[in-house]
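Colleague: Chains as they are written, first to last, in UniProt numbering: chain A, 1 to 280; chain B, 1 to 280; chain C, 1 to 280; chain D, 1 to 280; chain E, 1 to 280; chain F, 1 to 280.
A portion of the hints provided could be inaccurate.
Because identical chains share one entry, a pair is satisfied inside a single copy or across any pair of copies.
Claimed, not checked - In silico BS3-like cross-links for lysine-lysine, where the CA-CA straight-line distance does not exceed 30 Å:
#1 170 x 6
#2 16 x 6
#3 266 x 16
#4 170 x 16
If you're looking for bench data, these hints aren't it; they were derived computationally from the structure.
Number of protein chains: 6
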Amino acid sequence: MFYHEKRLQYQVRVDKPDPQFARLLQQAIGGIEGEIRVCLQYLFQAWGNRGPAKYRDMLLETGTEEISHIEMLCTAVALNLEGAKGNVIDQVVSENPVVEQIMGGMDPRHYLSAGLAAMATDANGVPFNGSWVVASGNLAADMYANVMAEATGRTLATRLWQSTTDPGMKDMLAFLIARDNMHQNQWLAVLEDLGGVEGVHPIPNSFPQDLENQSVNYAFVSTNIERPENPNARWSTGASIDGKGQFTFEHIRAMGDEPVLAPPIKEGYAQKEQQLDKIL
Amino acid sequence: MFYHEKRLQYQVRVDKPDPQFARLLQQAIGGIEGEIRVCLQYLFQAWGNRGPAKYRDMLLETGTEEISHIEMLCTAVALNLEGAKGNVIDQVVSENPVVEQIMGGMDPRHYLSAGLAAMATDANGVPFNGSWVVASGNLAADMYANVMAEATGRTLATRLWQSTTDPGMKDMLAFLIARDNMHQNQWLAVLEDLGGVEGVHPIPNSFPQDLENQSVNYAFVSTNIERPENPNARWSTGASIDGKGQFTFEHIRAMGDEPVLAPPIKEGYAQKEQQLDKIL
Amino acid sequence: MFYHEKRLQYQVRVDKPDPQFARLLQQAIGGIEGEIRVCLQYLFQAWGNRGPAKYRDMLLETGTEEISHIEMLCTAVALNLEGAKGNVIDQVVSENPVVEQIMGGMDPRHYLSAGLAAMATDANGVPFNGSWVVASGNLAADMYANVMAEATGRTLATRLWQSTTDPGMKDMLAFLIARDNMHQNQWLAVLEDLGGVEGVHPIPNSFPQDLENQSVNYAFVSTNIERPENPNARWSTGASIDGKGQFTFEHIRAMGDEPVLAPPIKEGYAQKEQQLDKIL
Amino acid sequence: MFYHEKRLQYQVRVDKPDPQFARLLQQAIGGIEGEIRVCLQYLFQAWGNRGPAKYRDMLLETGTEEISHIEMLCTAVALNLEGAKGNVIDQVVSENPVVEQIMGGMDPRHYLSAGLAAMATDANGVPFNGSWVVASGNLAADMYANVMAEATGRTLATRLWQSTTDPGMKDMLAFLIARDNMHQNQWLAVLEDLGGVEGVHPIPNSFPQDLENQSVNYAFVSTNIERPENPNARWSTGASIDGKGQFTFEHIRAMGDEPVLAPPIKEGYAQKEQQLDKIL
Amino acid sequence: MFYHEKRLQYQVRVDKPDPQFARLLQQAIGGIEGEIRVCLQYLFQAWGNRGPAKYRDMLLETGTEEISHIEMLCTAVALNLEGAKGNVIDQVVSENPVVEQIMGGMDPRHYLSAGLAAMATDANGVPFNGSWVVASGNLAADMYANVMAEATGRTLATRLWQSTTDPGMKDMLAFLIARDNMHQNQWLAVLEDLGGVEGVHPIPNSFPQDLENQSVNYAFVSTNIERPENPNARWSTGASIDGKGQFTFEHIRAMGDEPVLAPPIKEGYAQKEQQLDKIL
Amino acid sequence: MFYHEKRLQYQVRVDKPDPQFARLLQQAIGGIEGEIRVCLQYLFQAWGNRGPAKYRDMLLETGTEEISHIEMLCTAVALNLEGAKGNVIDQVVSENPVVEQIMGGMDPRHYLSAGLAAMATDANGVPFNGSWVVASGNLAADMYANVMAEATGRTLATRLWQSTTDPGMKDMLAFLIARDNMHQNQWLAVLEDLGGVEGVHPIPNSFPQDLENQSVNYAFVSTNIERPENPNARWSTGASIDGKGQFTFEHIRAMGDEPVLAPPIKEGYAQKEQQLDKIL
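Start from the sequences, fold in the hints, and give me the full structure.
Modeller: Here's what the structure looks like:
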């Protein structure tokens, strides 16, 4: 169950509103690297968690924190859009500053659809998509999904930090960058708790590994037509990272035949010319 | 540049065609855990790779292999759909076995749209979505995206393995499960090559870490209204996983004020009642 | 800022797990009538609210409550999916009860992608889409969006109530149906507070109404080729509902000419045959 | 059955073509507030209408009118795009005026994909999505969906009106703004016809109201952690808007327990570490 | 401008309602091969048509006819869904026939979201997508898009015809199959009118053909690693279909170098390890 | 099975990087007219091909070639984005050239999400969508889908050619324009091989044509309310293009009645007012 309070988790201050920057911030709200995704991802992982409850409890803690981050970013968008009115240098169409801003790189829907507020979309106006919410039922796979989300999320946040000179915005982003750091460490800590790389892999570790094809399960397969030699890279020689095999190097080879499909069935209404004997 | 040959990377044999299983296999083709996603993801990472060329070369190798996996799975779908004709027990509508199969769990579009062949969709007929292709320009973030893709992909493959009793399909899936194992190890090997967990994190490691907010960058923040004590879990006490800080445990607290937005601008055509003095 | 506690807002009890019903419940989670939509919709309206703060405060209250409803429904899905194992009558493929359930109407991704837990999708596996989150910056328009969401949401909930015989599920749905009732009333109360129908319409009421085309702003326009007479319905005669005009009845008529577009520009690479004189 | 004539419902005149404004107009064509949505929405409601035929007839009338509005807007887009050639001030790349316009805020697909014509997308190029077409089978719910569509649609139209100084475009928009006014009134008239607010609510009014949970069906639930007092707002005290209850004010409280899910089933291939006894 | 009448273009009669067939019919409404797509496609092509008006006029004629086809199919869906109540053989859950039907292959949203009526989705509940509406500004390209739409559309219609034994439905589909035949011929007639294959191709024929790379513009390029000989197929030898060249047969060869990208810029926050000298 | 080599099929050279042009090139990668679509379309057609193997073999050849085209375009995008740093005229925000470029028309996600590389999206950042991949099981329908894809693709390529003055880019596009020419001819050659227009149509030609409604299968149906005379166009008089009928000209007429749907079922929870006798 959830509660709120009116204050923000961290101060959101915009010293000089910038409607173009508002558009960029949308990527951190409704983009695939954004906060709606991690919020729903951690909460769905919690709500579907099976196994030791401590992981579920932790996911609830952080999933809830992420709602507060969406809130901060939406507030930042709204404040930056206040700049859609005023402080315009070029006076060509000075009677209509909002329109000028749209022409200058602002998301037009920030005005047309939202009346100068945030939307559940990315920096190009593409809506948030629920398919991005990964909760697989396998805790280790989910932790990698989470590390990945925080890694791309922190990368996005640093690029946003780079894209503004506004001290308030830089301060807010420095907070979010720090939280993304913690969250990377947090999910890595669960992976350590689950046994570390050697204990965790291959994911899922509950599938009997002797049932996988033993001839290719640690082979780096080169598809290069020039048939290069083993580069003796970390991934093509020596012990595998999971400690359960030895990396080898192979050229791809066809272990299967050319596939042969049956002719079309009558009810499929292929062309008559497809109904011939399949060996032609 | 790319080449093909007509034979398959691994044998695809369907002993007893099963149109319902064809539907399930679609998840491994056009689903978020599927092969189109990893194929495009590795290739886009390669084509956009900046920095040491050895990583680009390796991404090309494996991205190309994944095309062969899509091919195997599409062949498997087509062969399983041949079962949409025949071997029907219930004879209620025996004059139309394809229709019976649709009623029994087959994807109707396998017949209606594809004439008994695979589609670029998931197990529910939802189309593949290009937003799933992650190539961030940060190599470590991308490697986590890849481990995550292979972890959820191998989990999916084991569940598909569980969902069939067909020896040919089990054999094909045992091959793909093995390749997913290798690929998990392969991307982990790159992470080791890039410095291991301590060298890699926080991602991106090129952002000066002293610019992130130092007060919250290793703090586990509890949002639980009951204000629990530190559980002394791996993620709330001791050295951080990246070796660059100490985990602490805190209760969430409002470091920001209640946000105050300006009244709506006239051009936004809010209701007149919103135009009042904002303090009410 | 947001908090959680571990208990649920209302008891979720599944007396007899039913994986098929789990699929139906997804419509109330990730469907257009579902709880993710209203949750984000109310919160985005709050975060972008301009004007009297009392509306923002109320939106925050209820937006937060809706997170608790998503949580209840996700828990209900997970509990119903526990029925994916066991209690199977037909023993044809009795060694694999999960697969049987998939064949019998369960969402296959509940097993394949989520390991028996809820997803951010609708009853057909179509992902939640951020475009459904309406926050227009006009408070009255938003309130109608909210009444509409609760009206279709309560209709969905009654149909779900009808679709189960499980006492626990019926009890949970009776709770949600009641909350949807309250929320319908709540948004209507805001509309009353904003001036009632006559004060609120036409939305936006801040656009000078004399600027709209006065000849058609209260005319019911019939497009029926048989040119029916005025049915003297509530919408074609008498005072308009907003009290600002009189309904009239008209047959549609062309007030514009046939449109004439310029020939294609050379740079558009139309066919040469399109480059002729436009009057042919 | 449907007919057309070549003339437009209302004159579409563009005095000074403006490719950037063409982009903005797309929101009124293929956006969620746009005319394709209301056109299909009213027609689908008509085609699925069950109950008194007079509502179906009226929905057909107005659904058909909306096709004429799509036509007007598409014509307006095409005419504005004629400005993609010529009247360019900055001569830096004067040999390629189309490209200059793209750089200046035009939708590049208006040139690249459509050859200077309208598309079935919104102002950001996001395609129209059929999920926006609401036809619930409950007439009152549908009427609220329609009022909401016309309210956000008219708000959009006023913002477009604000975004242009072209007299022809302002005239066309003044027509559409007027029609949106009429349509708001029209759907409200149906609601009055169906019994007015007290007769209509709660929607659906055919579900026996005594089956909903009586303890929470008129309670405003505060989720504010500071536990505020009843603000005695219209929505927290006094008679409910539907006349069937009394508003009360409550703080949220957990009426449910902490949820307990079963451990993962073996066939779900969770990590081994999740298979432990669930009480940890 | 558009008109309607209440009668249908062709009789829609359902002798024995079949909710499962209603689901299949959705593919012809909101699927990529469906009637919403061709309706909007022809109308958008008409509204954006530049060049001789006779093509625009014809597109308007047929685009309008397609609205009548959507109407017929939506009516057919609604009538088939009336079968969601009654005639149930298995009495296990006989107190709830709608639910039984959902379990038996009906689209659950036909009940949950639409109250037994059609939706703007395909047979899997995936919403119609505006990206399918092709109107390129090149008339010949558009005609091929139209032939393709009617070819896949007629194929779909024959498969639907095959999927029902209902005489009324077969009669309606025989009508639609005939119209799809006419429409195939109609768009081919435009292509003939535009000059036939030799006059039309290559599309666009207004691009000076001598500007395309002359060494590869009629070469069949084999990517087969086994380097097969010219099969002397229609597409690898002899005059090209457009009469403007001779087909040749070549093996693919790399005409470009290995690409070399610059190292990442500092502002992109790649990993530090990517910042090295690019030759490694 | 697939192989690669490191060199490109054709040289990709960018003389003057242009981040705005990088955005335009995205349409040819992830847009509906783009190379991911044709690549997957040809490969899925090959993998599902039933009937003479020579068509499957040819589809594999060209599907594989298209991967090389995606690679070329992604390389071109990455090289053009190197211009996101440097050569900036306006020095207002000269400390941050990347941000300036975003403001000037660059896709912001090229920086924010991809670190200056290509994405699987179109020119507006809308993700590639698997629904565009057409493989119908009917070879002739598929060939028209392919001609259409190459016709809109070549039109796009000529417009891109027009949008740049960079000699390297013009050279690459001249190559792709030539390949699109060949591919148009190639798919037309298959159609000729299948019997030419008269042999191929109506598609599918395996459906007994006497089963389609004979009264309307070659009738041009006018929906124009002014009931024009037969224009004696190629599509309204004379022999049909498929040689199997005579074109006629008719005005649309209602061959069906006004549809009558049953009243709503109780379980659908329509409003009570809809439950009346349906004849009103």
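Colleague: Compare the structure with each hint and give your call.
Modeller: Results of checking the hints against the structure:
When the C-alpha separation of residue 170 and residue 6 is checked against a cutoff of 30 Å, the pair qualifies only within one copy, where the shortest distance is 23 Å, while the shortest distance between copies is 35 Å. In this homomeric assembly, residue 16 and residue 6 come within 30 Å of each other (Cα to Cα) only inside a single copy, at 24 Å, whereas the closest approach across copies is 41 Å. For a Cα distance limit of 30 Å, the shortest separation of residue 266 from residue 16 across copies, 21 Å, qualifies, whereas the shortest one inside one copy, 69 Å, does not. For the identical chains of this complex, residue 170 and residue 16 are intra-copy neighbours only, at 12 Å inside a copy versus 33 Å across copies, given an alpha-carbon limit of 30 Å.
Of the numbered hints stated above, none is contradicted by the structure.
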